[in-house]
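Student: Join the two chains into one complex using the hints; note that each chain is given alone, in its own frame.
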Amino acid sequence: MAVSETTTRASPLSDAAYTAFVEVAWDRHLRVATLLTGDAHRAEELLQDCLVELYVRWPRVSKSGDPHAYLRRMLVNGNVSWWRRRRRELLTAETPDRADPLSAPREPHEELRRALLALPRQQRAVVVLRHFDDLTEKAVAAALGCTVGTVGTVKSQHFRAMARLRELLHPVGLDEPKEAAL
Amino acid sequence: MSMEQDPLSVALRDLADRQTVPAAPVEQVLRRGRRAKRVRAAGLTAVGAAAAAVVAGALGIGGAAPPEPAPGVAVSSEAVLTPTMRLAAAADRTARNTFRLKWTYVISQRGGADAKEIYVGAFDPVHRRGYLNGPVSGMTQRFIGDDAYVWRGKWQKRPGRPTDAAVGTYGAPGQLSALELSTAPGTFLKKLQALGKVTYVGRSGSGGAAVERYSFTYANRARPRRARSRSPPT
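Chains R and F, in that order, are what the protein sequence lines are. Per my numbering: the first sequence = residues 1 to 182. Per my numbering: the second sequence = residues 183 to 416.
Treat the hints as calculated values from the structure; they're not laboratory data. Hints may contain errors.
Under the rule of at most 30 Å between Cα atoms (straight-line distance), these lysine-lysine pairs were calculated in the DSS-like manner [to be verified]:
#1 373(F) <-> 284(F)
#2 284(F) <-> 336(F)
#3 372(F) <-> 284(F)
#4 63(R) <-> 339(F)
#5 379(F) <-> 284(F)
#6 63(R) <-> 372(F)
#7 63(R) <-> 219(F)
#8 284(F) <-> 298(F)
#9 298(F) <-> 372(F)
Bound conformation, chain F alone (with noise of 0.2 Å):
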């Protein structure tokens, strides 16, 4: 006896039919997996002109000593540290020292809720190396010497440019590579200090585990582009 004259097959098949079926809800099915197809495509690529990024770091740097003010720095015997002083002898002792990295992306668009993209990482300057994961569970980045390398199923290096591995999606070109982190970290805290508010919050730990803790904020906005077409909101 085949399935369809099976009693229990006859069975089912009156069950199911006791229920009414609504019409397909076509254009909620069409619209959400659009904004799903665009959510994901957000995690992994920059999206969009007229976006303004407004980041905020949270950098420790490890090492014992305490903060002095870089060479050159006049400091008065009553003048205080100001964050950026701390930060510009943090850089110069970053490069010997390895460091650990939270960083947010606050998005704001026009029209629209505001995004938030969380990367966190470590870097070791002295043997370049580093990753950073984020901003979403699974995709992750590693810096080894000059080269990036992204995980994308497999591991992939990062095509273009080393130095064009943004931190973070919405990072503004020309302004902050993630593999600095790991091959010049220097320079990368002295264009953070030149491109916003550097924040001093404290020193934890003692001894070698001493670490301290910076945080900054800087407004990053995309350049304009021309206005192209899109599909219409939903």
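The shape of chain R in the complex, shown without the other chains (with noise of 0.2 Å):
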């Protein structure tokens, strides 16, 4: 009776360009994984978790085109699941994962934080990956998978979010994306 063995050795090569990406994706993707996640140390957590799961997938994401786009795509994905699975949890210490406007301070760059905060998490994405990672509504809906991944629902989850941004921010120049292009 035959015992098949892989060898799991590391490619030097492999290793090579997969290290060199993960030093441009980190700079590129942890701020839109804070955006995401409205807290930098979740952001960090859930980037790197991806970037631990990229790695096994590593030669077939790299040969296949764009892995910056399948790390987008985990990010998104991760940040829903991650909170499918906290939720579970009892943490008693952990903020809300939605702002309370009317207690929410003035201070603009917190308002928009708890703003973004405030929204649905695919609607955040929406927004976050048109308006920081100035993607195309194509990109994003391959960002936010199959299941939602049209151009139609990202427009609509678009519309919805923009709407529920103007309710909750102040006339402070940000309530109204002028001409944002759609």
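Tutor: This is the structure we're talking about:
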């Protein structure tokens, strides 16, 4: 009876390419992760988890096209599933994932951060990917995944998100993203 | 107005720029990634020399008749049927009964923590069918006649000799074949007897639903191999 064996040695070339990717991706995607999660520590944890998973799939992902797009999708999905897992734990010290607009401080950056957190996670992802990462609607659809990843869905999610942001934000130049291209 | 000039875009970039970005934790990510890759690979194939596997199995064999000594085994009126004798009798009856199996490998490796693989299956020697699920969720093997199939996103016929379909990735060569559980269960059980310790756990249920339970353990020591270069331990 044969016992099959695989070699799990890391390929030096593959690791070098992956390392180079991580150094670029960390800076590029950590800010996105922070805007998605609302918390810098959670963002680092989420991004690191996604990069670890990406390492396992690196031979396939690096050949198939754009590893940044793949990582972006993992971040969006990872943020949603991360909260589903955490919700099962009793976290008495955990800050809520929704801002209370009535108690929000007036400082504009904090106000924007809380307003973003008040959005449902998919709408938040659409806003961040469109307005921060500057992705096209098609690219945002790909990042959201196939189940909701149609351009029409992105448009409607974007419309609802912008309407909600206008309600939440004080008129200090942020509530009217004039002529924002859809 | 492009997204870059859009006030919301400007505000989001200002918000993001307030964050101090630490250096990329490249070494940590690589270390975790390599470990994740090893764990995943170990779930699919056998790994490594110098591994000792302690195999513990629990077997439930259906059948209404109480265990009888195998032919040729003399039993005095005062003798107690030993587990081995019971299993010998059960082996003979198993060829006519369906049975369930729970198989646990505990793999002790030098310098590393024990790893455990659990397989659960059921077999029908009469119709020569069976299945074995494990060690991770989603992994499953099917045995149909003399053929073995494994699920890898789709069903694939197991390459090599059908009897190569090992129970557990650490099965010792030439000793145990999962396919035998449906084609020749008596042979399988007799091999188990020869390998290690058999314990008769008892009978549960009654009548036609009665099940006799056995547990068995044996130490499976892999053949020593030549040392080969490896990635540095992390």
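Student: Each hint: holds or not?
Tutor: Structure-based check of each hint:
no.: 1; hint: 373(F) <-> 284(F); verdict: holds, 17 Å
no.: 2; hint: 284(F) <-> 336(F); verdict: holds, 24 Å
no.: 3; hint: 372(F) <-> 284(F); verdict: holds, 17 Å
no.: 4; hint: 63(R) <-> 339(F); verdict: holds, 28 Å
no.: 5; hint: 379(F) <-> 284(F); verdict: holds, 16 Å
no.: 6; hint: 63(R) <-> 372(F); verdict: violated, 50 Å
no.: 7; hint: 63(R) <-> 219(F); verdict: holds, 18 Å
no.: 8; hint: 284(F) <-> 298(F); verdict: holds, 13 Å
no.: 9; hint: 298(F) <-> 372(F); verdict: holds, 24 Å
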